[in-house]
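With the sequences and hints as input, model every part of the structure.
There are 2 protein chains.
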Amino acid sequence: MPDDRLPILQPGQLLARGVCRHLLGHDFVTVEELVPAPGLRVDVMGLGPKGDIWVVECKSSRADFLSDQKWQNYLPFCDRYFWAVDAEFPVDLLPEETGLIIADAYDAEILRMGPEDRLAPARRKLMVQKFARHAALRSQAARDPGLVTPRGLRV
Amino acid sequence: MPDDRLPILQPGQLLARGVCRHLLGHDFVTVEELVPAPGLRVDVMGLGPKGDIWVVECKSSRADFLSDQKWQNYLPFCDRYFWAVDAEFPVDLLPEETGLIIADAYDAEILRMGPEDRLAPARRKLMVQKFARHAALRSQAARDPGLVTPRGLRV
Numbered sequence: 000m001p002d003d004r005l006p007i008l009q010p011g012q013l014l015a016r017g018v019c020r021h022l023l024g025h026d027f028v029t030v031e032e033l034v035p036a037p038g039l040r041v042d043v044m045g046l047g048p049k050g051d052i053w054v055v056e057c058k059s060s061r062a063d064f065l066s067d068q069k070w071q072n073y074l075p076f077c078d079r080y081f082w083a084v085d086a087e088f089p090v091d092l093l094p095e096e097t098g099l100i101i102a103d104a105y106d107a108e109i110l111r112m113g114p115e116d117r118l119a120p121a122r123r124k125l126m127v128q129k130f131a132r133h134a135a136l137r138s139q140a141a142r143d144p145g146l147v148t149p150r151g152l153r154v
Numbered sequence: 000m001p002d003d004r005l006p007i008l009q010p011g012q013l014l015a016r017g018v019c020r021h022l023l024g025h026d027f028v029t030v031e032e033l034v035p036a037p038g039l040r041v042d043v044m045g046l047g048p049k050g051d052i053w054v055v056e057c058k059s060s061r062a063d064f065l066s067d068q069k070w071q072n073y074l075p076f077c078d079r080y081f082w083a084v085d086a087e088f089p090v091d092l093l094p095e096e097t098g099l100i101i102a103d104a105y106d107a108e109i110l111r112m113g114p115e116d117r118l119a120p121a122r123r124k125l126m127v128q129k130f131a132r133h134a135a136l137r138s139q140a141a142r143d144p145g146l147v148t149p150r151g152l153r154v
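Sequence lines, in order, name chains U and B.
In this text, residue positions in the first sequence follow numbering that gives the first Met the number 0: the first is 0, and each later residue adds one.
In this text, residue positions in the second sequence follow numbering that gives the first Met the number 0: the first is 0, and each later residue adds one.
Keep in mind that a hint or two might mislead.
As the list makes no split between identical chains, a pair holds if one copy fits it or if it spans any two.
[To be verified] Heads up, simulated SDA-like pairs for lysine to any residue below, C-alpha to C-alpha not over 25 Å straight-line:
1) Lys49 - Thr148
2) Lys49 - Val147
3) Lys49 - Arg123
4) Lys49 - Met112
5) Lys49 - Asp78
6) Lys124 - Ala36
7) Lys49 - Asp91
8) Lys49 - Pro149
9) Lys49 - Leu146
10) Lys124 - Ile7
11) Lys49 - Arg150
12) Lys124 - Val147
13) Lys124 - Gln71
Please keep in mind that the hints were generated in silico from the structure rather than gathered at the bench.
So, in structure tokens, the structure goes:
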């Protein structure tokens, strides 16, 4: 019997779930769909124990990847950047100077670390704060289904 | 018909829920039951848009308040400290140099601001990071009920 309490996830969201599970094993906590700047929305942002920030874009198909025009705009918001794709994905399409994660809905594995390009301290402070507020709002919505979010709330 | 998807909350947790709803109106996002240091656990920690940190301890009764020996240990972890109590609580019991919030399960109101004692930058950075990791773990657990948290994970 299907469990109607579980949301129906799209292919990219299933990859994101596996990625988030795996990153926790690296001691990175995660949020999904964070907006680092207006007009941008990252699939997964990870926060490590010392404040390291990783971004992972999840691509469920060749078409999904080819339609992405924005990924280079995410680089200034993270220390390392990764793609997450499933085992069938033609990985030769992906730029070499990026990280690579093979994922399914249940787990993932980092095949290639994204090269490190450290955030400046002020940018890191801003991103950790943004991450914290995004995560806390989602957590509050989950623990209080009756929550009404005020209009104009900045996250 | 009772909704079995909603957890049964204790009196203090119901106050915390109202407090968290109200703080969102002040643009403070919140987490519950964060551990700022071993042996300590705050009822509500709020994070403002500029990184301000508030702690709110929720007391559902006189006995609940009188049994609390730890509240002064929370002061080094926040910019402002508050008590949250219901409308029946004998507020004369509460120390004067603290903030006061009157709450119920649905909302709250700040009657007296806690005096400000600003965190040092290094402590604030640590607390925002801790807040972020706590919130993200709770948010991940909510969006992924199948999540298994690795043993020994630091938050």
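Open item on the list: Please list, smallest to largest, the hint numbers that this structure does not respect.
Closed with: 7, 10 and 12
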